[in-house]
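Chain residues, written in single-letter form:
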Amino acid sequence: MTEETNVFKWVGKRVVRPDGHDKVTGRAKFGSDFALPGMLHGRVLRSPHAHARIRGIDASKALALPGVKAVVTSEDFPEQSAELAAAGEALVSYRDMTRNVMAREKALYDGHAVAAVAATSAEIAEAALELVEVDYEVLPHVIDVDLAMEDGAPVLDEELKPAGMDASGPTNIAKKVVFDLGDVGKGFEEAEVVLERSYTTAAVHQGYIEPHAAVASVSADGQAQIWCCTQGQFMVRAYTARLLGMDASAIRVTPSEIGGGFGGKTVVYLEPLATALSAKTGRPVKMTMSREEVFRASGPTSAGSMTYRIGATRDGRIVAFEGTVKLEAGAFPGSPVQPACMCAVAPYDIPNVRLTGYDVVVNRPKVAAYRAPGAPISAFGAESILDELAKEIGVDPLELRMRNAAKQGTKAAYGPTFRRIGYEETVRAAMDSEHMKAPLGPNQGRGVASGFWFNIGGESSATVNIVEDGTAVVVSGNPDIGGSRASLALMAAEELGIDYDKVRPIVADTASVGYNFLTGGSRVTFATGLAVVEAARDAVRQLCERAAKIWEVEPDGVVWRDGQAHPAGSNVGDFEPLSLADIAAGTPKTGGPICGHNAQNVQGAGPGFATHVCDVEVDPETGRVTVLRYTAVQDVGRAIHPSYVEGQIQGGAAQGIGWALNEEYIYNDKGQLENPGFLDYRIPVASDLPMIETMVVEVPNDRHPYGVRGVGEVPIVPPMAAVANAIENAVGVRMEHLPMSPPRVLAALDAARLPEAAE
Amino acid sequence: MAKHHVSTTINGEPVEYLCSTRQTLLDVLRDELNLTGSKEGCASGDCGACSVMLDGRLVCACLVMGAEAEGRAVETIEGMAEGDSLHPLQRIFLEDAALQCGICTPGFLVAAKALLDRNDNPTETEIRYWLAGNLCRCTGYDKIVRAVQRTAAEMRGEAR
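Order-wise, the sequence lines are chains A and B.
In this text, residue positions in the first sequence follow my numbering: the first is 2, and each later residue adds one.
In this text, residue positions in the second sequence follow my numbering: the first is 1061, and each later residue adds one.
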C-alpha cells in the first residue's frame, strides 16, 4: 500500500510528533535533567577486579568526611530467593539481580558495584569513594565463552546448577537448550553438498547516548517516588520494591524522556541504590552514571561462538541445518541464547534442523537485552554460511533464499507454524531493486542477508479521556523511545474521527495508568497501540450511547462516522449529526465523564522479516572497509508513521554496521575493560555511513486492527552478514570473526596474499 | 575552596554565576543555571551532545571550564528559537523526523547551525564530516543529513 492509496485519514501520515517541539528546543526533560530541592548526590564504588572475593568493606573513613550522609553496601539489601520469578513476560532471579546491583560475596567483573555513597555534592561523593576500604581477594578470571566452558576454568558461582543438562561439578554453563525439527541425520544423508563453518562475534554495547540516571525520594512513611530514564517504569517499580522489601504500590515511578535504550534500559542499576540511600538519609538522592560506568557496568549483549553445518541439494534446496551456539551471559545467567537459536534460520523452510545453545557465565558485566537479543549473533553465522552455500552450488544468493523462504504454513524449527508473513516479499523487493542492478568498481563487493525477529505483544493498559472541548487525552504507560506517542495518537485520531493535533498522548507514571509491560520486543505500536485502539472504541461506544440518550433512541440506533454520531438508518429518525465536541460539551447532563479504557495481555504479534543489500569497498592497503551503499527491505505490516518506521530501519542497520566493522569490548590480561569510552569504543559517526535506503513492504498482521507488526528490532539482524558477504565478494576473503576491523581484514588479506607471493 | 565569580553572556543575556575550579561549562549550564538542553553523553568531548557556541566557535561545553566563560558569549540550544518561532533547522528536524529519542538533537542542531552559518550550500560529505563529532545511535544519520540539506536549500531561498 502506498501513501497515495491510503484509505485512512491519519494512519500512515507523516505528522510532527507530539513531543517534538520540546526536543528541538532543549526543553524535554531526560533522566539527568531532573532535580529536587535538598537533593543529595550519589556515586558508586566499583570493583577494579574482574573476579575477587570481598572479605570486608570499611566505610568509616568515608562516613567521617564532612558532607557524606550515607553509604550502602550489599548488607543494606535483603537476601533473595534463587527461584526464577515472573516479572511481566520475563523470568528473573532476584538472587542474581540483587548481586548484580550490589556485589555480595564476590565482585564478578571490572566495574561491579560494591558500595554507594550519598553526599551533599557530587564532588564530595566522589572523594568519599576513595575513602571506602574494600578488602579484596583477587581470584583468577575468565572472560571468553569457549575458555569458560573448558575444564579447569575459573568458576564464577560454585552453586550454579546448569539447566537442561547434567554437570559433574562446578561449571560456568548455566543452561543448555535444544531445538529440534525433523531428523537432522537423515537430512544430511539426503544432502549433496555439506559445509561446516565456525564464527565468533564480540560483545557490543547498546551505546545509547544518554547514561543511566535516577532521582529517588523516600518519605518517612515509607512512600517513595523515583524519576528515571527507563524502558519500563513498571519494571523499575517491581524490581526496586522486591530488592528493598517494599510494597510495589508504595513506589511511584515516573519515566523521564529516554535518550535511547535499545534494550539496555530494561533492567535496574541505580534505582534501588538511590532509593536505599534516600531511605537512609531522608533526603532525595540523584545518581547518574558516567560514560565509563555505562560501558563497565551496564549490560552489553553477549559475545558469541558458533559452529554450523548446512546440507543442501545441488539444485539449492536446504535439507538440513545443525549448529551449536554458545553465548556469554556476563556475570550472571541469562544470555539470549534461546532466541539466538530460535531465530538463526527462521527465515527458511528447512525440514531438518537441530540447534543447541549454551548460556555461559564469564567475568564481564551481566548482559542486557539489545535489539532482537541473540538474533544478530546467530544470524551472522547462518547468513554467512548460506552465502558460502550459494557460491558452492552456483546459485544467486537471493535466489537461494527465495527457493527456501518460509511462508504461510511453514513450520519453524522453534515450534510455531507461520501465519501470513512477508519474507518472500522482502527478497523479491531486494531482487527487483535498483541497488541490485548498480555496477561495482575494483575492490568493491555486494552482499545480501536476511533476518527474523518474533516481535512480542504483552500486557498493556490505556485510557482515552474525552475532554469537554472536544479534544482527547490518550494515557498509556510505555516510555516513548522513538516516536511511539505519534503512532498511538494517529491511531486514536483515526478511531475517534478527530484531528491528530486534537489528541494528546501522555506516558503516565505507575500510579496513573494500569500496568504496561516495558518498551521492548518491538511491542509498543503493536500491543499498546491495540490497547489504545480498543480504549478509543470504548470511548466511541460511550459517545454513541450519549447521542442515543440525547435523541431518545436505542444505543444500537447510533453509528460513529468521521467523528460524529449519526442515526444508523432512516428508521431511527431524522437527526442532525452530533460531533464529538457536541457530546463532550454536554456530558454533565448525559451521564458524566467519558473515559474509554482497555487493559489486556495482547497476543498475535506478527513476526518481522528483513532482507538487506550492502555494497562495500575494501582498502587492500589498510583493510579498512567503507560501506558505499545500503538498502534495507522490511515487512512492517503497516507503517502507522512511515518516517519513524524508516528511522527504526535506518537506525538498526547503522547499529548493525557498527557491530560488523568496529565495535568490541577490549579487555587487558587482568580482565579490565580498556575501551570504556566513545573514543575507543567506536560507534558509527555520520562520516562512516552512506544514506540508508529503506524499502517498506506491507503485509498486514491480521491480528491487529491496522495490520501493525513490530519494526524496531529486525533491522539489526541482517547487517553483519550482509557486510561480511560483501567483503568476500569484494576481495575474496571470508571474515568469520566480528568485528571486521581494519587489522582483522588486513590480516585476512595478507593470509590470502601469502601463497600468491610465494609462487 | 573559593568559587570563581564569572560574568558572561548566555543567549544574549548577561549572566553571573559562581563555579568551582572543577566545574565545566556544561556543569554550570546544567547544574547552576538550569539550562539542561545541553546534554552530557560522555563528558570527554566524544559525543557532541553538549555542543554550544563560544564566541561564535562550536565547542563541546564539557571541554570548557566554567571559569573560562568569563567575558565571553555563549549560545546554547535554549537560544536557538526566537520566541515562538523555531529556527528553520528545528522546524525541518521535526517535519522530516530527524530525531528519534532526541537526546543528541540539541547538539546536532547547534552544530548544524554553525555549519550553515559558514557554508550555506554544504555537500553531503561536508555535512557528514562536520557532524562527525556528534553521535546519534537511533537514526543512522540519514534523516539528519537530509534535514540539514533541505534546511540549507530553504535558507538559500530554493523551493522545497
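There could be a bad hint or two in this list.
Claimed, not checked - Result set (SDA-like, lysine to any residue): computed pairs, CA atoms no more than 25 angstroms apart in a straight line: (1) A:Lys14 / B:Ala1213; (2) B:Lys1063 / A:Ala65; (3) A:Lys14 / B:Gly1143; (4) A:Lys62 / B:Arg1082; (5) A:Lys30 / B:Gly1217; (6) B:Lys1063 / A:Pro67; (7) A:Lys30 / B:Gly1105; (8) A:Lys30 / B:Glu1184; (9) B:Lys1063 / A:Ala123; (10) A:Lys10 / B:Leu1154; (11) B:Lys1063 / A:Lys10; (12) A:Lys14 / B:Leu1146; (13) A:Lys14 / B:Gly1116; (14) A:Lys438 / B:Gly1217; (15) A:Lys30 / B:Gln1209; (16) A:Lys30 / B:Leu1154; (17) A:Lys14 / B:Ser1104; (18) B:Lys1063 / A:Glu127; (19) A:Lys30 / B:Arg1151; (20) A:Lys30 / B:Ala1213; (21) A:Lys10 / B:Gly1143; (22) B:Lys1063 / A:Leu37; (23) A:Lys30 / B:Glu1092; (24) A:Lys30 / B:Lys1063; (25) A:Lys438 / B:Glu1184.
No lab work stands behind these hints: they were computed from the structure.
Results of checking the hints against the structure:
A threshold of 25 angstroms between alpha carbons decides the hint, and for Lys14 of chain A with Ala1213 of chain B the separation of about 24 angstroms falls inside it, so the pair holds. About 24 angstroms separates the Cα atoms of Lys1063 of chain B and Ala65 of chain A, which keeps this hinted pair within 25 angstroms; it holds. Between the alpha carbons of Lys14 of chain A and Gly1143 of chain B the distance comes to roughly 28 angstroms, so the proposed pair goes past 25 angstroms and is violated. Simply put, Lys62 of chain A and Arg1082 of chain B have alpha-carbon atoms about 23 angstroms apart, close enough for the 25 angstroms limit, and the pair holds.
Between Lys30 of chain A and Gly1217 of chain B the CA atoms are separated by roughly 34 angstroms; this puts the pair beyond 25 angstroms, and the hint is violated. Under the criterion of a C-alpha separation no larger than 25 angstroms, the hint pairing Lys1063 of chain B with Pro67 of chain A is consistent with the structure, at around 18 angstroms. The suggested pairing of Lys30 of chain A with Gly1105 of chain B holds, with an alpha-carbon distance near 22 angstroms, which does not exceed 25 angstroms. For the given pair, Lys30 of chain A sits about 32 angstroms from Glu1184 of chain B by alpha-carbon distance, which is inconsistent with the 25 angstroms threshold.
Of the pairs offered as hints, the one joining Lys1063 of chain B and Ala123 of chain A holds, with about 16 angstroms between alpha carbons and a cut-off of 25 angstroms not exceeded. Between Lys10 of chain A and Leu1154 of chain B the CA atoms are separated by roughly 21 angstroms; this keeps the pair inside 25 angstroms, and the hint holds. Taken as a hint, the Lys1063 of chain B and Lys10 of chain A pair is broken in the structure, with Cα atoms around 59 angstroms apart against an allowance of 25 angstroms. Under the criterion of a C-alpha separation no larger than 25 angstroms, the hint pairing Lys14 of chain A with Leu1146 of chain B is consistent with the structure, at around 22 angstroms.
At roughly 39 angstroms between alpha-carbon atoms, Lys14 of chain A and Gly1116 of chain B are farther apart than 25 angstroms, so this suggested pair is violated. Restraint check: the Cα-Cα separation between Lys438 of chain A and Gly1217 of chain B comes to about 36 angstroms, which exceeds 25 angstroms; the hinted pair is violated. Straight-line distance between C-alpha atoms of Lys30 of chain A and Gln1209 of chain B comes to about 28 angstroms, which puts the hinted pair past the 25 angstroms bound. Note on Lys30 of chain A and Leu1154 of chain B: the hinted pairing holds, with a Cα-Cα distance of about 17 angstroms set against a maximum of 25 angstroms.
The suggested pairing of Lys14 of chain A with Ser1104 of chain B is violated, with an alpha-carbon distance near 40 angstroms, which exceeds 25 angstroms. Annotation: proposed proximity of Lys1063 of chain B to Glu127 of chain A holds, straight-line Cα distance about 19 angstroms (limit 25 angstroms). Using a Cα cut-off of 25 angstroms, the hinted pair Lys30 of chain A and Arg1151 of chain B holds, with the two alpha carbons roughly 19 angstroms apart. Simply put, Lys30 of chain A and Ala1213 of chain B have alpha-carbon atoms about 32 angstroms apart, too far for the 25 angstroms limit, and the pair is violated.
Taking the CA atoms of Lys10 of chain A and Gly1143 of chain B, the gap is near 32 angstroms; set against the 25 angstroms cutoff, the hint is violated. For the hint linking Lys1063 of chain B to Leu37 of chain A, the alpha-carbon distance of about 23 angstroms falls within 25 angstroms, and the restraint holds. Between Lys30 of chain A and Glu1092 of chain B the alpha-carbon distance is near 16 angstroms, which keeps this suggested pair within the 25 angstroms criterion. With a CA separation close to 28 angstroms, the supplied pair Lys30 of chain A and Lys1063 of chain B exceeds the 25 angstroms bound.
Between Lys438 of chain A and Glu1184 of chain B, the direct Cα distance comes to roughly 23 angstroms. Compliance with the 25 angstroms bound is thereby established for this hinted pair.
This entry does not satisfy hints 3, 5, 8, 11, 13, 14, 15, 17, 20, 21, 24, going by the numbered hints stated previously.
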